[in-house]
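J.: Chain by chain, the residues run as shown.
Number of protein chains: 2
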Amino acid sequence: MKKSNSNYALLYERERNKVNKKLAVALKNRKPESLYKPSDYILSNSGKRLRPILVLFSAKASNGNMNSVFNAALSVEMLHNFTLIHDDIMDNADLRRGKKTLHKLYDLNTAILAGDSLLSVAYEYLLKDCKVNAREAVSAFTEGLIEVCEGQSLDTDFEKRNDVSLDEYIVMIKKKTAALAKMCCKLGAILSDAKQSDIKALSDYGLNLGIAFQIQDDLLDIIGEEKDFGKTVGGDLIAGKKTFLVIKALEKAKGEYKKELLKMIKNKGIKPEKVNYFKQMFINLGVVEDAKKEIRKFTEKALRSIDRLSNKNEISFFYWLADSLIERNK
Amino acid sequence: MKKSNSNYALLYERERNKVNKKLAVALKNRKPESLYKPSDYILSNSGKRLRPILVLFSAKASNGNMNSVFNAALSVEMLHNFTLIHDDIMDNADLRRGKKTLHKLYDLNTAILAGDSLLSVAYEYLLKDCKVNAREAVSAFTEGLIEVCEGQSLDTDFEKRNDVSLDEYIVMIKKKTAALAKMCCKLGAILSDAKQSDIKALSDYGLNLGIAFQIQDDLLDIIGEEKDFGKTVGGDLIAGKKTFLVIKALEKAKGEYKKELLKMIKNKGIKPEKVNYFKQMFINLGVVEDAKKEIRKFTEKALRSIDRLSNKNEISFFYWLADSLIERNK
Numbered sequence: 028m029k030k031s032n033s034n035y036a037l038l039y040e041r042e043r044n045k046v047n048k049k050l051a052v053a054l055k056n057r058k059p060e061s062l063y064k065p066s067d068y069i070l071s072n073s074g075k076r077l078r079p080i081l082v083l084f085s086a087k088a089s090n091g092n093m094n095s096v097f098n099a100a101l102s103v104e105m106l107h108n109f110t111l112i113h114d115d116i117m118d119n120a121d122l123r124r125g126k127k128t129l130h131k132l133y134d135l136n137t138a139i140l141a142g143d144s145l146l147s148v149a150y151e152y153l154l155k156d157c158k159v160n161a162r163e164a165v166s167a168f169t170e171g172l173i174e175v176c177e178g179q180s181l182d183t184d185f186e187k188r189n190d191v192s193l194d195e196y197i198v199m200i201k202k203k204t205a206a207l208a209k210m211c212c213k214l215g216a217i218l219s220d221a222k223q224s225d226i227k228a229l230s231d232y233g234l235n236l237g238i239a240f241q242i243q244d245d246l247l248d249i250i251g252e253e254k255d256f257g258k259t260v261g262g263d264l265i266a267g268k269k270t271f272l273v274i275k276a277l278e279k280a281k282g283e284y285k286k287e288l289l290k291m292i293k294n295k296g297i298k299p300e301k302v303n304y305f306k307q308m309f310i311n312l313g314v315v316e317d318a319k320k321e322i323r324k325f326t327e328k329a330l331r332s333i334d335r336l337s338n339k340n341e342i343s344f345f346y347w348l349a350d351s352l353i354e355r356n357k
Numbered sequence: 028m029k030k031s032n033s034n035y036a037l038l039y040e041r042e043r044n045k046v047n048k049k050l051a052v053a054l055k056n057r058k059p060e061s062l063y064k065p066s067d068y069i070l071s072n073s074g075k076r077l078r079p080i081l082v083l084f085s086a087k088a089s090n091g092n093m094n095s096v097f098n099a100a101l102s103v104e105m106l107h108n109f110t111l112i113h114d115d116i117m118d119n120a121d122l123r124r125g126k127k128t129l130h131k132l133y134d135l136n137t138a139i140l141a142g143d144s145l146l147s148v149a150y151e152y153l154l155k156d157c158k159v160n161a162r163e164a165v166s167a168f169t170e171g172l173i174e175v176c177e178g179q180s181l182d183t184d185f186e187k188r189n190d191v192s193l194d195e196y197i198v199m200i201k202k203k204t205a206a207l208a209k210m211c212c213k214l215g216a217i218l219s220d221a222k223q224s225d226i227k228a229l230s231d232y233g234l235n236l237g238i239a240f241q242i243q244d245d246l247l248d249i250i251g252e253e254k255d256f257g258k259t260v261g262g263d264l265i266a267g268k269k270t271f272l273v274i275k276a277l278e279k280a281k282g283e284y285k286k287e288l289l290k291m292i293k294n295k296g297i298k299p300e301k302v303n304y305f306k307q308m309f310i311n312l313g314v315v316e317d318a319k320k321e322i323r324k325f326t327e328k329a330l331r332s333i334d335r336l337s338n339k340n341e342i343s344f345f346y347w348l349a350d351s352l353i354e355r356n357k
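For the record, the sequence lines run as chains A and B. Sequential numbering of the first sequence, starting at 28, is according to my numbering. Sequential numbering of the second sequence, starting at 28, is according to my numbering.
Just so you know, these hints were derived from the structure itself, not from any lab. Owing to the predicted nature of the structure, the values given are computational and were not obtained by experimental measurement. A few of these clues could be false.
The list cannot tell twin chains apart, which means a pair is met if one copy fits it or any two copies do.
Mimicking EDC-like on lysine to aspartate or glutamate, the simulated pairs with C-alpha atoms at most 20 angstroms apart in a straight line are [what the hints assert, rightly or not]:
id	residue 1	residue 2
1	K187	D134
2	K295	D134
3	K158	D220
4	K75	E151
5	K55	E186
Let the sequences and hints guide you as you build the complete structure.
T.: Right, here's the structure in full:
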């Protein structure tokens, strides 16, 4: 029985609200307050909660019970937020979703330790739901964590280089972003004792969706609207990040465009007033279209993976989810 | 058959060398190098490797096999080194065991990420040995990690306070130091499928040994010899740390001593040339003796715990270990 799209949106929203409610109280009574209050502030943001949703619906798709993996779903959001806290320090970012970053609201030491501690609590939450396949589940979680660290390191390496290829870029975002989405799907399946072929179908879906998601993020930095996006449009350009669009533009550009791109890299970023110039350049070079094509390519790979799921009734939710992520404006 | 003390020292040294050899290659072929080389530098120090030793001998004491928990033994040393990397950032320390700290050798971002990544690899190593009781083993490991974070946070809180009681101090070092020693013993036992009473006997041994160990560390800061100790004698005083001796001295001091102690706290430390004055003060106030008494008290508690171990042949190693830690000069 195929549900209509608006039903899926409601289902997503219902679970998202539950995740928000549980995250809002997860750290409330833990002591010392000096440790848990900062993490609590971070967990109380209003994100998409995409990662816990992937855990929950992967469990359902594996004929499991969403409630049996709810703590695991919270754990991946905690892990994700741990990475945000430490990434924001490394990027020296002032704001995240319009709110002060932790090291700006408190200080460096508080933010480092809050991140570490949030990761430790993430494992604690994961373990609550490890009634079957504990070793496999914790391994999948740990592998995701390892890849996120490796991806972050590659990203930092790329900042110092002028010759990053598109292939290298894809490897980096696979690790930095997509490995976590893959892990979420895998985790929901493993904890529901799914068979290997379903674990693989869901994992591959998560991985390819994650890649598409990150390129979409790169694209939204250019074509997003400030009010929807919640971050400064062109923020990646201003910070000198080597996004999909920048790398692709470097491949294609000649003359003045090439000069401007190389200048951006040399200066490690551009002035805010130049964002529109770069936006126009990316349109003219066709790299906005290239990005859209790449997003479609990886989305289609994700859909081909999920087609292999044995429980055919559950496939359409994942189609809807992929579609709504491509259509998103934030 | 009771082995002689020199045999135990040889046994310790043999396992310590194996640990060193395995740690030296653990990260060698991992990529990206920018991530793993810094952690490799930290793992290649020449520490006591007390924590892995506790895992190995707890497994042996539980009629298990040391080789079956060797990766778990490496994992606790990785966890320990993760805490050192991040603690050194928070303490703004330049040196650790005479070598540059990671954030000084590289930079802040590299050190934060190297720490995170070392923790993730620690879980990976732990999981290699989780053939039985995986959930219990990972839970014990995670609980240890959570307590270390909480202890570090309490330690930071104490820096801002003038009224830390001895009881609060003991709670703090239980979490910051002793919880990890407890976890090591527990882990070795759990992974060897020990019975509950043996897990408890070994855990309590580790906890109390850990407390004694930390007070001993506080004491060595005052009465240690520079050449043995490997750190600046009086370093804790210079940094204004509220050690066992400082807290106890604050309880006992009057007149000039009280004034000097309060000045130290107000100024967040003393000048190096005042270390000898404080050393003499601590001797005169009897707090050096108090510390020694407290170390004996917790060591005896540790020994009473290990007396409950069902395999009586294995007890004497733990006696020797406790004894050699009390007698240590570094």
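J.: Up to 20 angstroms between alpha-carbons, please classify K75 paired with E151: within, between, both or neither.
T.: neither (23 angstroms within a copy, 29 angstroms between copies)
J.: My question is about K295 and D134: at a cut-off of 20 angstroms on alpha-carbon distance, are they close within one copy, between copies, both, or neither?
T.: Result: close only across copies, 18 angstroms inter versus 25 angstroms intra.
J.: How would you classify K187 and D134 at a CA-CA limit of 20 angstroms: within, between, both, or neither?
T.: So K187 and D134 pass the 20 angstroms test across copies only (14 angstroms; inside, 27 angstroms).
J.: Since the copies are identical, ignore which copy is meant and state whether K158 and D220 lie within 20 angstroms (CA to CA) inside a copy, between copies, both or neither.
T.: both (10 angstroms within a copy, 18 angstroms between copies)
J.: When no copy is specified for K55 and E186, does a C-alpha distance of 20 angstroms or less occur within a copy, between copies, both, or neither?
T.: neither (38 angstroms within a copy, 24 angstroms between copies)
Checked against the numbered hints given earlier, the structure breaks hints 4 and 5 and satisfies all the rest.
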